[in-house]
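S.K.: Given the structure of chain S, go ahead and fit chains P, E, C and R with the ligands onto it with the hints provided.
From first to last, the protein sequence lines stand for chains S, P, E, C and R. Residue numbers for the first sequence follow this note's numbering, so the first one is 1 and each next one is one higher. Residue numbers for the second sequence follow this note's numbering, so the first one is 218 and each next one is one higher. Residue numbers for the third sequence follow this note's numbering, so the first one is 435 and each next one is one higher. Residue numbers for the fourth sequence follow this note's numbering, so the first one is 688 and each next one is one higher. Residue numbers for the fifth sequence follow this note's numbering, so the first one is 906 and each next one is one higher.
These aren't lab readings, by the way, just hints derived from the structure by calculation. The C-beta atom is built at its ideal place from N, Cα and C for all residues, glycine as well. A couple of the hints might just be wrong.
Some chain C residues well away from chain R (every beta-carbon gap over 10 Å; in silico) [as the list claims (entries may be wrong)]: (1) 723; (2) 813; (3) 817; (4) 892.
One side only, chain R facing chain E, incomplete, derived with CB under 10 Å [unchecked claim]: (5) 932; (6) 940; (7) 1011; (8) 1014.
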Amino acid sequence: MLGVPPMLTLDEIVCERDGRGLFAPVSISVHAGDYVELMGPNGAGKSTLLRTLAGLHSRYSGAFDGVDCLFQGHRLGLDGLLTPLENFAWFVGLEDQDEDRERCLDALQRTGVLDKAYQPCNEMSAGQQRRVAMARWLLSSRSLWLLDEPLTALDASAQQVLAEIIVEHCQAGGAVVCATHSELPIAQKRSLKLEAFQSKADGPALGGDQSGESFQE
Amino acid sequence: MLGVPPMLTLDEIVCERDGRGLFAPVSISVHAGDYVELMGPNGAGKSTLLRTLAGLHSRYSGAFDGVDCLFQGHRLGLDGLLTPLENFAWFVGLEDQDEDRERCLDALQRTGVLDKAYQPCNEMSAGQQRRVAMARWLLSSRSLWLLDEPLTALDASAQQVLAEIIVEHCQAGGAVVCATHSELPIAQKRSLKLEAFQSKADGPALGGDQSGESFQE
Amino acid sequence: MLSTSLKRLWHKLGSPRWFFALTENWVKAAGLSALVLLLWGAVWGLGFAPADYQQGNSFRIMYVHVPAAMLAQSLYIAMGVAGFIGLVWRMKLTDVAISACLPLGMVITALALFSGSVWGRPTWGSWWEWDGRTVSTLVLFFLYVGIYALREAIADQDLRARASALVAMVGTINIPIIKYSVEWWNTLHQPASFGLTQKPAMPSEMWLPLLVMVLGFYAFAAFIVLVRMRTEILNREMGARWVRDWIQVRSER
Amino acid sequence: MSGLLRREWQVALRAKGAVINPVAFLLLSTTLFVIAAPDTVSSDAAAGILWTLVLLTQLLALDAMYRRDFDSGVLEQTLVGSQVPFVAVLTRIFMQWLSTGFIMTLAGPALGILLGLPVETAPAIALAMLLGTPALSFLGSIGASVTVGFSRGGVILALLVLPLFLPTLIFGAALVAAAEAGSSVMPQVYALSLISLIALAIAPFATLAGLKISLEMQ
Amino acid sequence: MSGLLRREWQVALRAKGAVINPVAFLLLSTTLFVIAAPDTVSSDAAAGILWTLVLLTQLLALDAMYRRDFDSGVLEQTLVGSQVPFVAVLTRIFMQWLSTGFIMTLAGPALGILLGLPVETAPAIALAMLLGTPALSFLGSIGASVTVGFSRGGVILALLVLPLFLPTLIFGAALVAAAEAGSSVMPQVYALSLISLIALAIAPFATLAGLKISLEMQ
Ligand code: HEM
Ligand SMILES: Nc1ncnc2c1ncn2[C@@H]1O[C@H](COP(=O)(O)OP(=O)(O)OP(=O)(O)O)[C@@H](O)[C@H]1O
Ligand SMILES: Nc1ncnc2c1ncn2[C@@H]1O[C@H](COP(=O)(O)OP(=O)(O)OP(=O)(O)O)[C@@H](O)[C@H]1O
Ligand SMILES: [Mg+2]
Ligand SMILES: [Mg+2]
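Chain S with its partners taken away, still in its complex shape:
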């Protein structure tokens, strides 16, 4: 792996909300093949960090640098009016590839929702929608995946599939950063813990006069 530039490097990064840092500065460099588990108690800042890396949250100190990423947040990003296949067609359109019906169906097969291929997404159960979103990752050409609690609503078998998909993606030279509360059954993992500040007061004071706000407004 020497000489190969890392896919993602965080350097002393601290996400901020309402002008205060959320967690102690974190630094890490993620290389091809890495699976990084982002751990931390509720409210530690996992989602915010992932959104930051995806470019959806610009209030942070420190720096990061990375390749194009695939982001899967709490909101699935499926159009409820459209069927999985239609959603995929749109999604690959975003990456400027043109769709390949075969691959789409294989992906759905893989995540076990092939029978829903022609049914609008808002007529599926929570877990089935998650599975469709999972299938979509397989179609993406992006090598860095940022996943926020992907286990949500998945049953045992689907969780197994999820783990396999991640492992394969890493073996294929991709990298995955995944925020989760229950560890995935994956052997080789690196873990990134977000330490909350001991007390809010310890937060890096950026305009300390606002310190009250997080409680008031």
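M.R.: Showing chains P, E, C and R with the ligands alone in chain S's frame:
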């Protein structure tokens, strides 16, 4: 427990969507003190069944009968613009009790979000919002709880608290039906499995019979 | 005891199968009388009724216009009543009725508007006048479109039934208010235009064919609604055994 | 009970500008009108224009009436095992009126004058809107409850409720016109009150039914 | 690329009535208008009235423009690591115009006649709307992108964009009036085209920026 009427009885109930049954008929009677774990693969019909019992889904055959229930669905039912305390005040208003600031704060303390007591709910993390919703159960006077995947977004400690809260509620003579994919650390549990039909064709064809509705109204 | 037997009766009335068997012959009757009445009225009205001393032959549009206008309102009220029954007694049949009345009602209302404005050209000298009846008909059309859009937007059959029943009911409650207010507004603002505000005193050989046409229109509507309801029932009950039996009997004939 | 009312208040205040906005919108569209069609600024048409814009403003506000609660699941909580769903709905409708109809009533006279109505008609305008706008909120609530589940409810809502608004529109405008002409306004007063009362009678039940239907759509 | 366009189509068709409804609403509000203020049905004011109602219709449609995609997270996917966010936004705006502005253009002449405009002005009405409505969609998209994150965006959106709509309103009405008076319409044609072009130039960038801001709100 003899002589005491059950809190909830399902009798050969089958939830329907688009005119087809979702799962093989289930029958069970839940008594005070029972914790029932509702299991089943994605798309089995857990959420639909819970919504049915809560009166939010009227397309079913078979019958059920139960006491007033507390329903916690995928959507938390917290007003994002309001603080936890304000949400609680409204909630107890629904039950026609008047609020008790002390109890509210204790509840938040219990679920570990006391420091967010005066912060609007949409400014909290996914897990913190879940915790607030959990705290709300403690304020309710309803004895039958219907929980849909309550573990979502909760970290380890919060999951522990959840289990304790459920156990206490059952010991206090309440009953809990909880749909989940990962078992809770609770010793005494009954488990209700939703078996999917072998093939969709096996679904009961709906004739003119509207037997379900007699209970519904 | 009594209440349960009543419930059973309602369920019987509400059962599509029962209705299907019952209306087997009604369809033919309605269709036949519609044919006869419409032919009779049309020939009489268009052929033999004397030309109007003011309007000449253009008045003959009346034989389409007036029945259409009347039917348009009746059909909506019918939907409202069906909706009410459906909401209160949870009948499957009532939604079948609504789904049958809705498109027909829209078309008939459009016909009333069209025939009216065609008639307006010679009599008013304009395609459209803002007048009590014109407005209430236009609003009626909007009410139809509203329910139609609503039904289009809801996928699930049962929910579609309940939603449109509710809306049709509320709309029907409001129709009298709307009609009254519009008529009142009309006398307030508009110069009374011929033939709309006061009934034209017609000689009997003019209004008798009109009467026949009105009856014909209603018979025709009954025919269409029944046919549509029956086909809709077959669609919805496709799985049920009695439908298969019925189809078999048909094919054996 | 008091909790319900209080929450409505807090939300109204918290959802920034929810109270001021309807008036702002009304004012804005009125101005547009005066700019676009200056010739219409003749006192005889003013009442009608004002009322039409009130209707459209109300429509815009109605679309949001239940959407937040629907998306957040608050609606489920309101209906499931609640002791007082009926009260809850009534409270909501009342607050909706307070934050639109009532506010517009306060602003109405000024706008009327902006549109060229004589100052003497100011009380008549206020009276007309005070009596008429409740009907808009009540009937509108029914439409909103049925359409809240849709992705593009806005325009279907318009199709459903605008026809029902028509009588209010007519008598509301007529009341002002009558006051202007110096004739008695009692007929219109009775008519508007009657309409609002009928709306009040059917709205809560119909709204509850509509909300239940919408909740089943998920 | 083609995938993007196709999706917009599918949604437009799937979200039932999204296409027919704007016209229905326009027709409806026109009717209300004429009923409420029959005396205004004089050709001199008709153009202005028509345009005002077009603006309000557009406003109603704009509120829903990005909301679904925002709530479902589709917006995040459109912006994160997409090769063609710019194209995506343009496609969306174009479809929005097609399903509102363009449709209204088709209906415009009929409504003008309904409002008492002479039949001869029909082509002028169509021309004015064809040139003017794109500006509404482009500028409106900016406002919609900024307000999509709010709980009660509707009226704030109105406050933001209605002022921007003003020039279109004025020249659009003027064009029809000119055609009616039989004088040359070229000045207004140039003006409207210019406005639409400027809007086209700034809208995509501004919209992208606005959407990014809205997405940061969660
Ligand atoms: C678009 C234009 C018009 C519409 C929407 C319209 C609508 C109506 C309606 C709703 C009725 C009442 C039917 C009933 O009794 O329930 C009616 C009746 C009638 N209309 Fe029209 N009308 C229009 C134009 C005309 C014109 C131009 C004439 C002839 C000058 C006309 C002559 C009549 C007559 C003679 C009746 C039957 C007499 C009566 O019922 O009072 N209508 N029309
Ligand atoms: N809104 C809907 N319209 C139509 N069908 C639906 C809808 N929601 C769910 N379904 C179907 O009903 C079935 C049961 O859905 P439900 O959400 O109850 O499953 P579930 O057991 O909760 O699954 P999960 O574990 O993923 O939450 C699924 O097969 C799904 O396809
Ligand atoms: N929209 C918001 N506005 C203001 N503060 C917020 C907002 N969302 C989250 N926060 C605060 O930022 C902190 C981090 O939130 P974040 O969602 O990143 O935590 P998390 O690690 O994802 O928690 P969870 O495990 O519950 O998802 C929390 O303390 C929360 O209070
Ligand atoms: Mg999170
Ligand atoms: Mg579920």
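S.K.: For a quick check of understanding: which of the numbered hints are violated here, in increasing order?
M.R.: 1, 7 and 8
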